[in-house]
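Chains as they are written, first to last, in our numbering: chain A, 1 to 330; chain B, 1001 to 1326.
Source of the hints: derived by calculation from the structure; they are not laboratory data.
Glycine included, C-beta positions come from ideal geometry on N, C-alpha and C.
It is possible that part of the hints are untrue.
What the hints assert, rightly or not - Here chain B is said to cover these stretches of chain A; the calculated rule only asks that three of the stretch's residues, wherever they fall, bring their Cβ under 8 Å from a Cβ of chain B:
| id | stretch |
| --- | --- |
| 1 | 125-131 |
| 2 | 154-165 |
| 3 | 203-216 |
Chain residues, written in single-letter form:
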Amino acid sequence: MATNTRSLDKVTLLDWYRQIVLIRQFENRCDELYHQKKITGVYLHLYSGHEAVGVGAVAALGEDDHVLTGYRDHGIALARGVDAKPLMAEMMGKRTGVSGGKGGSMHLASRAHNFWGGYAIVAGHLSLATGIAFKERYMGTENVVLCLMGDGATNNGYFHESLNLSAVWNLPVVWLIENNFIGMGTRIEDSSGQPELVKRAVAYGMKQGPRIDGQNVIEVHEAISEAVAYARKKGPVLVEALTYRYKGHGVSDKQYDARDDLKRELDDWQAHKDPINILKDHLLAGFDGIEAELAKIDTEVHEIVEEAVRYAEASPVPTYEDLIRHIYVE
Amino acid sequence: MAEKNVPMREALRAALIEEMERDETVFVMGEEVGSWQGTHRVTRGLLEMFGERRVKDTPISELVIAGAAVGAAMAGLRPVAEIMTINFAFLSIDAIINHAAKVHYMFNGQFRVPLVIRAASGWGNQATATHSHTPEPIFAHFPGLYVACPSNAYDAKGMLKTAIRDDNPVLFTESIALYSKPSLIPEEEYLVPVGKSDVKRQGEHVTLVSYARGVEWSLEAAAMLAKEGIEAEVVDLRWLRPLDLEPVFESFKKTNRCVVVEESLPHFSFGSEIAAQLQEAAFDYMDAPIKRVSAMDVPLPYAKEIELMALPNAQKVVDAVKEIVY
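Could you put the whole structure together from the sequences, leaning on the hints where they help?
Given below as structure tokens:
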């Protein structure tokens, strides 16, 4: 690995560890709450397994840079620093949710964090990313848009039109594909003529970034930092991170129960390529006596998630006024 | 007040120029809006006046034209995106309906979409089945979007300026057949408010309700009917969203008869909606069935003779009126 890990200080690495563990615990709790029927929305796409991609990539951004993603958006919101309480409240459809209980799991956003949202129409947000990036060029500012998407988002027209336009207009976008090898239930080989998705950059005449290990937060951070620097000064970049989803397409995904091959694949990723374990091993090897600090973080994060659940449960539901508000700007 | 006779395309062009001069965040984008000078010449000369930064030619990519415009609007610009004809807006429809119209609501007001999507609409010149749509009512189906459908050059200019200044997304349709038709336009600046209907002709015997090109047929029909002593009131809705039906209800309470005139298709249509709302609001005033004059329920063919057969015109409006005014 080319990364100069010594340049990353302990505080940064522990912060990433904290974020990754927070996402994992938050998602595990969402899974439980769904099965307890406390989160009742039909769509709940958990970020478990992907954590290092979101944490490493978002860490490469400045405060004024922009982030958008698809429907698997909880982890990106947390990585961007959105408080767990209004996120959990949104899961439960509460008035105190980040989107007022009107967006749900797939439509988290926080304008204050330049987190422009999760979007549930596959690849729809790619077009918004081009527009947000265009505004930066238009105003002569130098902020960058990080647009995350799943591998499943690479085969409809939004992908083609958005990446092409970003190249034609030379827009400051880092296109980051989180390739977990399966779009809903269809394997990448069965959906993409060119399953090495990063190669598509060639077709648009944009910079082809690396195809990276999405389970290693340090590698993700380094690759996206380079991509962000390139986008800021030059133009769009396409990067592909290889990762794996631990909780299926969504919480209602039953195919892992029925298919041994998928179950084995999942077990293998969890056993050998888990982003928490990879970072933990790195920290244990690099810093003597850090174990107690990691355990402390685990405990603190647990309390953050439990506090978020209590907050969400105690929050009021939206009202009739909320139902009819914000249809239009008044 | 000094006035000039100006065709609708020039009125629209003047609106764009005035708003671009007034507000630096306003820019135009779309297929052939720049060096080609605009397919319908509405953006003629803008590239020379404002430069490549603010007049953006795009690839033939209707989906991202609309989607990028939504993103730019969310980020604080005021895009005026041109979809060359509304037939191609079917390729943009997800960006318009699922994004432009939903983002403000879905994220609880965190983002605004001050966007205008302009699209030329309507049939004529044997443009055939894929290039002759008037699907404004489809877009008007969805809350979160405004739909503007001016019937003349004066309204077009004032409505486009208003649409650009509004903080909501507006689908702004322009009847191709009206581009060359002039109205008297004052030299002074004016605006036409969002969601206000306009009574284009007073009359006491029948209410004609329409928008865009249908207003022209309605006024033509009203002139024909007047010769036979039938005075039609013509209400131009101007906006399908927000829909201002109060003047229609008021008129109907006076005339007790109504014909809805639309360029679009009859099923699940503008006419259906107006008829439904009218009978709910003013059933006690109804002296005859509400009639609808619309395009025939067929795809439009090439041959002129049968193309015209399928389409509404003033005579069809006259005929419909005579069925209920006796």
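Are there hints from earlier that the structure breaks, and if so, what are their numbers? 3
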